[in-house]
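Make a model of the complete structure from these sequences and hints.
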Amino acid sequence: KAGVTQTPRYLIKTRGQQVTLSCSPISGHRSVSWYQQTPGQGLQFLFEYFSETQRNKGNFPGRFSGRQFSNSRSEMNVSTLELGDSALYLCASSLAVAGAAETQYFGPGTRLLVL
Amino acid sequence: AQTVTQSQPEMSVQEAETVTLSCTYDTSENNYYLFWYKQPPSRQMILVIRQEAYKQQNATENRFSVNFQKAAKSFSLKISDSQLGDTAMYFCAFTSMNRDDKIIFGKGTRLHILP
Numbered sequence: 001k002a003g004v005t006q007t008p009r010y011l012i013k014t015r016g017q018q019v020t021l022s023c024s025p026i027s028g029h030r031s032v033s034w035y036q037q038t039p040g041q042g043l044q045f046l047f048e049y050f051s052e053t054q055r056n057k058g059n060f061p062g063r064f065s066g067r068q069f070s071n072s073r074s075e076m077n078v079s080t081l082e083l084g085d086s087a088l089y090l091c092a093s094s095l096a097v098a099g100a101a102e103t104q105y106f107g108p109g110t111r112l113l114v115l
Numbered sequence: 001a002q003t004v005t006q007s008q009p010e011m012s013v014q015e016a017e018t019v020t021l022s023c024t025y026d027t028s029e030n031n032y033y034l035f036w037y038k039q040p041p042s043r044q045m046i047l048v049i050r051q052e053a054y055k056q057q058n059a060t061e062n063r064f065s066v067n068f069q070k071a072a073k074s075f076s077l078k079i080s081d082s083q084l085g086d087t088a089m090y091f092c093a094f095t096s097m098n099r100d101d102k103i104i105f106g107k108g109t110r111l112h113i114l115p
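Going line by line, the protein sequences match chains A and B.
The numbering of the first sequence is my numbering, which starts it at 1 and goes up by one.
The numbering of the second sequence is my numbering, which starts it at 1 and goes up by one.
Derived from the structure by calculation, the hints contain no laboratory data.
Relax, there's no trap hidden among the hints.
Calculated lysine-lysine pairs in the DSSO-like style (CA-CA distance at most 30 Å, straight line): (1) B/K78 to B/K107; (2) A/K13 to A/K57; (3) B/K73 to B/K55; (4) B/K55 to B/K70; (5) B/K107 to A/K13; (6) B/K107 to A/K57; (7) B/K55 to B/K78; (8) A/K57 to B/K70; (9) B/K73 to B/K107; (10) B/K73 to A/K57; (11) B/K107 to B/K55; (12) B/K107 to B/K70.
Interface residues of chain A toward chain B, partial, derived using beta-carbon atoms under 7 Å: (13) N56; (14) T103; (15) F106; (16) P108.
Quick reminder that beta carbons are idealized off the backbone N, C-alpha and C, glycines included.
Here it is as C-alpha cells:
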C-alpha cells in the first residue's frame with residue numbers, strides 16, 4: 001500500500017498570500033489529521049477530518065481551514081500568511097478517528113517558508 | 001487541559017548503550033493511551049510503541065520498552081542496545097479514550113546516537 005503523500009513538499013510564499021496544501025491518505029483510511037511542527041512549539045494539532053466532516057479543531061486562528069473530499073483526500077488552506085506560519089505541516093491518516101487510539105500514519109510533510 | 005512534557009530537549013549516547021527518554025503528562029482522565037513516535041532526520045514520523053493506561057504491563061517492542069507509572073503520570077521510553085538508526089526526534093503523545101479527543105504531543109527529544 002502506498003503511504004501518506006503530501007504535496008507540495010516545499011513551498012515559499014510571501015506575507016499576505018494564501019496557500020493550499022494537499023494530503024492523500026493511505027487507501028482505506030478515512031481520518032486525516034493535520035499538525036503544525038515548529039522547533040519552538042513541537043507538534044500542534046490543527047484539525048481532524050473524518051468522512052468529510054471536521055471532528056476536532058486545535059487552537060489556531062480562522063485563517064487556518066481545511067476540508068476533506070469523498071475520496072478522503074484532504075486539503076488545508078492558510079490565508080493571509082504571516083511570518084510565524086513558517087513550519088513543517090504534517091498530515092496523518094488512520095482507519096478510524098484518531099482519538100480512538102488508532103495508529104496514525106504520517107506523511108513526509110510540507111515545509112512552508114513565509115518571507 | 002491535558003499536557004505532555006518532555007524535559008530533555010536533546011540527548012547523545014554512544015552506540016550500543018541504553019538510553020531512557022522521559023515524558024510526563026497531566027490529565028484528570030482515568031482511561032487513555034500514550035504513544036512514542038519517532039521522526040528520523042528528513043524522514044516520516046512513525047509509531048514506536050503504544051500503551052493503554054488500563055494495562056499494568058509495560059509495552060515492549062523489540063529494543064524499545066516503556067516504564068509506565070500511572071500514579072506518577074510518567075511514561076519513559078527505554079532504548080536498549082542503541083543503533084545509529086535510532087538517531088531521531090522522539091515525541092511522546094497522549095490521547096484520552098474519549099473519541100472526540102485529539103492527540104497531544106510533547107515538544108520532543110532530539111536523540112543522537114554516536115558511533
